[in-house]
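**Student:** Once you have looked at the hints, place chain B with the ligands on chain A.
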Amino acid sequence: MSAPLHRPAPFVPPRFNRHGVLAIYRFELARAARTLIQSLVTPVITTSLYFIVFGSAIGARMHSVGGVPYGAFIVPGLMMLTLFTESIANASFGIFYPKFTGTIFELLSAPVSPLETVLGYVGAAATKSVAIGSIILGTSALFVPIRILHPVAMVVLLLLTAATFSLFGFIVGIWAKGWEQIQIIPALIMTPLTFLGGAFYSIDMLPRPWRTLSLFNPVVYLINAFRWSFYGATDVGIGTSIAFTLGFLAACAAVVAWIFRTGYRLKN
Amino acid sequence: MQPAISIQRLVKRYDSGHVALHGIDLEVRPGEIFALLGPNGAGKSTLINIVCGIVTPTEGRVLAAGRDVVREYRAARTAIGLVPQELATDNYESVWATVKFSRGLYGRAPNPRFLESLLDALSLADKRDARIMTLSGGMKRRVMIAKALAHEPQILFLDEPTAGVDVELRRDMWALVRRLRDQGVTIVLTTHYIEEAEQMADRIGVLDRGSLILVEDKRTLIDQLGERQLRLMLRRPLDAIPAGLADLGLQLRDRGDELVFTYDATRTIDVSALLRRLTDLSIEITDMQTRQSSLEEIFVKLVSRRS
Ligand SMILES: Nc1ncnc2c1ncn2[C@@H]1O[C@H](COP(=O)(O)OP(=O)(O)OP(=O)(O)O)[C@@H](O)[C@H]1O
Ligand SMILES: [Mg+2]
Numbered sequence: 001m002s003a004p005l006h007r008p009a010p011f012v013p014p015r016f017n018r019h020g021v022l023a024i025y026r027f028e029l030a031r032a033a034r035t036l037i038q039s040l041v042t043p044v045i046t047t048s049l050y051f052i053v054f055g056s057a058i059g060a061r062m063h064s065v066g067g068v069p070y071g072a073f074i075v076p077g078l079m080m081l082t083l084f085t086e087s088i089a090n091a092s093f094g095i096f097y098p099k100f101t102g103t104i105f106e107l108l109s110a111p112v113s114p115l116e117t118v119l120g121y122v123g124a125a126a127t128k129s130v131a132i133g134s135i136i137l138g139t140s141a142l143f144v145p146i147r148i149l150h151p152v153a154m155v156v157l158l159l160l161t162a163a164t165f166s167l168f169g170f171i172v173g174i175w176a177k178g179w180e181q182i183q184i185i186p187a188l189i190m191t192p193l194t195f196l197g198g199a200f201y202s203i204d205m206l207p208r209p210w211r212t213l214s215l216f217n218p219v220v221y222l223i224n225a226f227r228w229s230f231y232g233a234t235d236v237g238i239g240t241s242i243a244f245t246l247g248f249l250a251a252c253a254a255v256v257a258w259i260f261r262t263g264y265r266l267k268n
Numbered sequence: 269m270q271p272a273i274s275i276q277r278l279v280k281r282y283d284s285g286h287v288a289l290h291g292i293d294l295e296v297r298p299g300e301i302f303a304l305l306g307p308n309g310a311g312k313s314t315l316i317n318i319v320c321g322i323v324t325p326t327e328g329r330v331l332a333a334g335r336d337v338v339r340e341y342r343a344a345r346t347a348i349g350l351v352p353q354e355l356a357t358d359n360y361e362s363v364w365a366t367v368k369f370s371r372g373l374y375g376r377a378p379n380p381r382f383l384e385s386l387l388d389a390l391s392l393a394d395k396r397d398a399r400i401m402t403l404s405g406g407m408k409r410r411v412m413i414a415k416a417l418a419h420e421p422q423i424l425f426l427d428e429p430t431a432g433v434d435v436e437l438r439r440d441m442w443a444l445v446r447r448l449r450d451q452g453v454t455i456v457l458t459t460h461y462i463e464e465a466e467q468m469a470d471r472i473g474v475l476d477r478g479s480l481i482l483v484e485d486k487r488t489l490i491d492q493l494g495e496r497q498l499r500l501m502l503r504r505p506l507d508a509i510p511a512g513l514a515d516l517g518l519q520l521r522d523r524g525d526e527l528v529f530t531y532d533a534t535r536t537i538d539v540s541a542l543l544r545r546l547t548d549l550s551i552e553i554t555d556m557q558t559r560q561s562s563l564e565e566i567f568v569k570l571v572s573r574r575s
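Residue numbers (the numbering used here), protein chains in the order written: chain A, 1 to 268; chain B, 269 to 575.
Chain A with its partners taken away, still in its complex shape:
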């Protein structure tokens, strides 16, 4: 214990703590990198399974939906399903884990603003789910021919969805008091909404009352917009879809702002 220590000098913090954002972002991605094999192999296997079950078994009987081969038709829905669950899981775990281990004290006592905190955590979670979404797209391309009619819209929708649901996951992680609660939202809400939201079928294929009911499922709009960016066809208006996503994003942002203002489940 003889090396020199620092001599404290007043340090004027910058208006935007970019080192802080980067530290959180890198830290979160490093955590993902530690489980890289799982993170990458799992979606590849799951996607392949979906193709075997839905694509081959069902697709053999049902050749196309609205002119798109069934196997290709389900790709956007599959990507969305993964995007939802991965974004929520990554972001909720990212903020819940330090709460659980107690290391959150450091975040709370650091000179990072709410916006910077969210950029770090949500940015990292969204990055990871976009990466996984891309892997799924790549894997799918091995099974079925894929066209992307509106690539720019596709990328924007991908990023927007990843960001929105990562933000939502961040809220879940702060709200959660235990591990079960972390799992409950994706399992109990997102997966059913996605399955019922036309991930694997067109809602036009549903009989009347179910079709109308589906229009109350927000996920329908997301999946439809995304599928439109691939194949051009859509069950509902693309404008409505984007409005829906942006509305949900704004709602999540408002909740996050409220959380930081009140310290809800973060501070005493």
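Hints in this document: simulated from the structure, not taken from any laboratory. As the structure is a prediction and not an experimental result, all values here were calculated from the model. Certain hints may be false.
[Stated by the list, open to error] Subject to a maximum C-alpha distance of 20 Å in a straight line, what follows is the list of computed DMTMM-like cross-link-like pairs (lysine to aspartate or glutamate):
id, chain 1, residue 1, chain 2, residue 2
1, B, 486, B, 515
2, A, 99, B, 470
3, B, 569, B, 491
4, A, 267, B, 336
5, B, 486, B, 470
6, B, 569, B, 466
7, A, 267, B, 354
8, B, 569, B, 495
9, B, 486, B, 565
10, A, 267, B, 340
11, B, 408, B, 436
12, A, 99, B, 354
13, B, 408, B, 388
14, A, 267, B, 484
15, B, 486, B, 476
16, B, 569, B, 476
17, A, 99, A, 180
18, B, 486, B, 300
19, B, 395, B, 436
20, B, 486, B, 295
21, A, 267, B, 283
22, B, 395, B, 384
23, B, 569, B, 484
24, A, 177, B, 283
**Tutor:** Here is chain B with the ligands on its own, set in the frame of chain A:
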């Protein structure tokens, strides 16, 4: 000189309704080691956590390095490093990664050379790439200190840094704290080892049930509140205290061969006059001893006086 920390009428009422701090006023001077003492539940951690931004104050104002910890939290927090009471570490991270993370989180540009020297100073250099979960408890505590110092803070909070720490590490920590102080870092620590406060602190504050019942220079505190005793060993035991010495409030101990004179430190006594009176009564003295009460005794006295 501007105080390192200035706390004004600070009140904390937890959601449970429990009032942990009842209007604290305190100034910590730049460059001093300030020890916060008090029994379990007195509010020491609450006070520290409010200054550091982990707990929201209910009323009152706190400035750190002259900046309001709520309104100018960025500037205030940049100046502060905290080692919390609880050991909380990222078990799967390496020592290096976690220290680097802390520096970045506090907004400082990377500086591997400084971090290397910091790990060196904490005898962590050879653990640089070890995962934190593979370290012993004492090592983890060093890591926590390294994290708290990674952004070169002006003020360091140590909430019970030596709880559950062996003698050697405790010595190391004291040495480290002194060195930091010598470099100009202001240090606020809490401890249950009074001996520690006695050895380390420049000033001492005693917190009891949410109120600061005393803030004093350590020396003054020991001098003012400490009792002194003069013990006189006698050649021939006495049966009783002679009438001629009744005014002094002496005590007879140990089968009558020891006379104890207790006085408080503010009163200067004339030892030679006392000895002369004893000689006049033909009481022979073989040995004498003086002792001063420790901070521990003072502390126990203070806290029990209030209950
Ligand atoms: N989150 C909380 N909600 C309600 N009461 C709390 C909370 N945290 C602490 N308290 C109460 O506030 C009081 C002060 O607690 P604090 O942890 O500040 O004490 P302390 O002096 O640090 O004690 P110790 O020496 O045991 O660490 C205690 O009565 C404690 O029970
Ligand atoms: Mg405490």
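**Student:** Next step is simple, just say for each hint if it's right about the structure.
**Tutor:** Hint check:
At roughly 32 Å between alpha-carbon atoms, residue 486 of chain B and residue 515 of chain B are farther apart than 20 Å, so this suggested pair is violated. Pair hint residue 99 of chain A plus residue 470 of chain B does not hold up; C-alpha atoms about 35 Å apart against a cutoff of 20 Å. A distance of roughly 15 Å separates the Cα atoms of residue 569 of chain B and residue 491 of chain B; the hinted pair therefore holds under the 20 Å criterion. Restraint check for residue 267 of chain A and residue 336 of chain B: the C-alpha separation of about 18 Å stays at or below 20 Å, so the hint holds.
Restraint check: the Cα-Cα separation between residue 486 of chain B and residue 470 of chain B comes to about 6 Å, which is no more than 20 Å; the hinted pair holds. Restraint check: the Cα-Cα separation between residue 569 of chain B and residue 466 of chain B comes to about 16 Å, which is no more than 20 Å; the hinted pair holds. This hinted pair checks out: residue 267 of chain A and residue 354 of chain B have alpha carbons roughly 16 Å apart, not beyond 20 Å. The straight-line distance between the Cα atoms of residue 569 of chain B and residue 495 of chain B is roughly 11 Å, inside the 20 Å bound, and the hint therefore holds.
Proximity of residue 486 of chain B to residue 565 of chain B is assessed by CA-CA distance (about 14 Å); at most 20 Å being required, the pair is judged to hold. Annotation: proposed proximity of residue 267 of chain A to residue 340 of chain B holds, straight-line Cα distance about 18 Å (limit 20 Å). With a C-alpha separation of about 15 Å, the suggested pair residue 408 of chain B and residue 436 of chain B falls inside the 20 Å cut-off, and the hint holds. Annotation: proposed proximity of residue 99 of chain A to residue 354 of chain B holds, straight-line Cα distance about 13 Å (limit 20 Å).
For a cut-off of 20 Å, the pair hint linking residue 408 of chain B to residue 388 of chain B stands: about 15 Å separates their Cα positions. Note on residue 267 of chain A and residue 484 of chain B: the hinted pairing is violated, with a Cα-Cα distance of about 32 Å set against a maximum of 20 Å. Among the hinted pairs, residue 486 of chain B with residue 476 of chain B is consistent with the structure: their alpha-carbon atoms are about 18 Å apart, no more than 20 Å. Pair hint residue 569 of chain B plus residue 476 of chain B holds up; C-alpha atoms about 12 Å apart against a cutoff of 20 Å.
Taken as a hint, the residue 99 of chain A and residue 180 of chain A pair is honoured in the structure, with Cα atoms around 15 Å apart against an allowance of 20 Å. For the suggested pair residue 486 of chain B and residue 300 of chain B, the alpha carbons sit about 12 Å apart, so the restraint of at most 20 Å is met. With a C-alpha separation of about 18 Å, the suggested pairing of residue 395 of chain B with residue 436 of chain B holds against the 20 Å cut-off. A threshold of 20 Å between alpha carbons decides the hint, and for residue 486 of chain B with residue 295 of chain B the separation of about 15 Å falls inside it, so the pair holds.
Proposed proximity of residue 267 of chain A and residue 283 of chain B is supported: the alpha carbons are some 11 Å apart, at most 20 Å. Taking the CA atoms of residue 395 of chain B and residue 384 of chain B, the gap is near 11 Å; set against the 20 Å cutoff, the hint holds. Note on residue 569 of chain B and residue 484 of chain B: the hinted pairing holds, with a Cα-Cα distance of about 16 Å set against a maximum of 20 Å. Distance hint between residue 177 of chain A and residue 283 of chain B is fulfilled; the C-alpha atoms sit about 17 Å from each other, no more than 20 Å.
Comparing the model with each numbered hint stated earlier shows that hints 1, 2 and 14 do not hold.
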